[in-house]
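Undergrad: The listed protein sequences correspond, in order, to chains A and B.
Under this note's numbering, the residue at position 105 of the first sequence is numbered 105, and the numbers go up by one with no gaps.
Under this note's numbering, the residue at position 110 of the second sequence is numbered 110, and the numbers go up by one with no gaps.
Certain hints may be false.
Derived EDC-like pairs: lysine to aspartate or glutamate, alpha-carbon spacing no greater than 20 Å straight-line [stated by the list, open to error]:
1) B:Lys55 <-> A:Asp50
2) A:Lys86 <-> A:Glu11
3) A:Lys30 <-> B:Glu3
Hints in this document: simulated from the structure, not taken from any laboratory.
Residues per chain, in single letters:
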Amino acid sequence: MKMIRAIVRPEREEEVTRKLEEAGLFAMTKLQVLGRGKQRGIQVGAIRYDTLAKVMFILAVEENEYDKAIAAIEAGGRTGRPGDGKIFVQEILESYTVRTGVKAGTGD
Amino acid sequence: MKEVIAIIRPAKHFATRKALEAAGISSYTTFPVLGRSRQRGLRFQSGGEEFVAIKFLPKQYFSIVVTEAKLSAAIAVLIKANQTGDGNVGDGKIFVLDMEDAVRVSTDERGEKAV
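Pulled out of the complex, with its shape left as it was, chain B reads as follows:
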């Protein structure tokens, strides 16, 4: 099993949910976070001098636990749903981490059966 972490634009939150649903990925955890990347937030031009105006931007965080079989589909769906296509920075990042075990609390099922 793998954990797919996607940090995306909040505006793409529901589009992402729909796309995941359509790909048969219906279980995930998501919450709003604050984040930034190499650009250090949003910059504005002021008097010819560049300065950082907004240090952190609101983002939506998805944590999706998938089986190996669904991993590449999940990544493709996330990229497709979140590319704004104008070449603008801020579309987000996707990270893949190993998930050792999963337990369904209600039935004590383990591993891939619990995902």
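The following block holds chain A by itself, in its conformation from the complex:
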């Protein structure tokens, strides 16, 4: 399993959710964050915004869902301009469903 963390534009939040749904991925966690990339925020006239509002999606996906998850986030989040966001991926070693206490992939 893979843990995907995607940081996208807040105005693309609905679109990313929709694309993920179309790909059959309904389970996700999201939160509002502040962040910046290598542009160090944005300069508007005399005012510098050090950080910008973003939405972070956290998804746990199976190996066979991984490629379509990335494609869906890119399709939903892309405008082609700086600030579209980043996707980070980590390996999940174990996962459990609290209700049943069952470890995924063990069946007990």
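Following the hints, complete the assembly by docking chain B onto the known chain A.
TA: Here is chain B on its own, set in the frame of chain A:
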């Protein structure tokens, strides 16, 4: 070291804190998030037709960095504290990820000493 990520019911937030404390796990980061699983949020029956009424539900997110020795205890505590026991969905998920290094900012201690 491992990072244990638990996404649980907000109503179980303080019960979870107490249970972790009792198990000797006192350091973690937690914040409110919005989430859903395979059920796609909450569904209500309306006119015989099923539709999604609430797409995302409030959840509490815990990130707990533990040493290998405390990993299984942490998972057991999280499951025990968060099972509502009625077989209802929504009790949450626990994920275990590898944590390569940890640094205590105040003293520059590294690895397990910093956890």
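Undergrad: Under the criterion that the straight-line Cα-Cα distance not exceed 20 Å, is the pair Lys30 of chain A, Glu3 of chain B satisfied?
TA: It holds: about 19 Å lies between the C-alpha atoms, which stays within 20 Å.
Undergrad: Assess, step by step, whether the Cα of Lys55 of chain B is no farther than 20 Å from the Cα of Asp50 of chain A, and give holds or violated.
TA: violated, 32 Å
Undergrad: Next pair to validate is Lys86 of chain A with Glu11 of chain A; report whether the Cα-Cα distance is within 20 Å.
TA: holds, 15 Å
Hint 1 from the list above is the single one not met by this structure.
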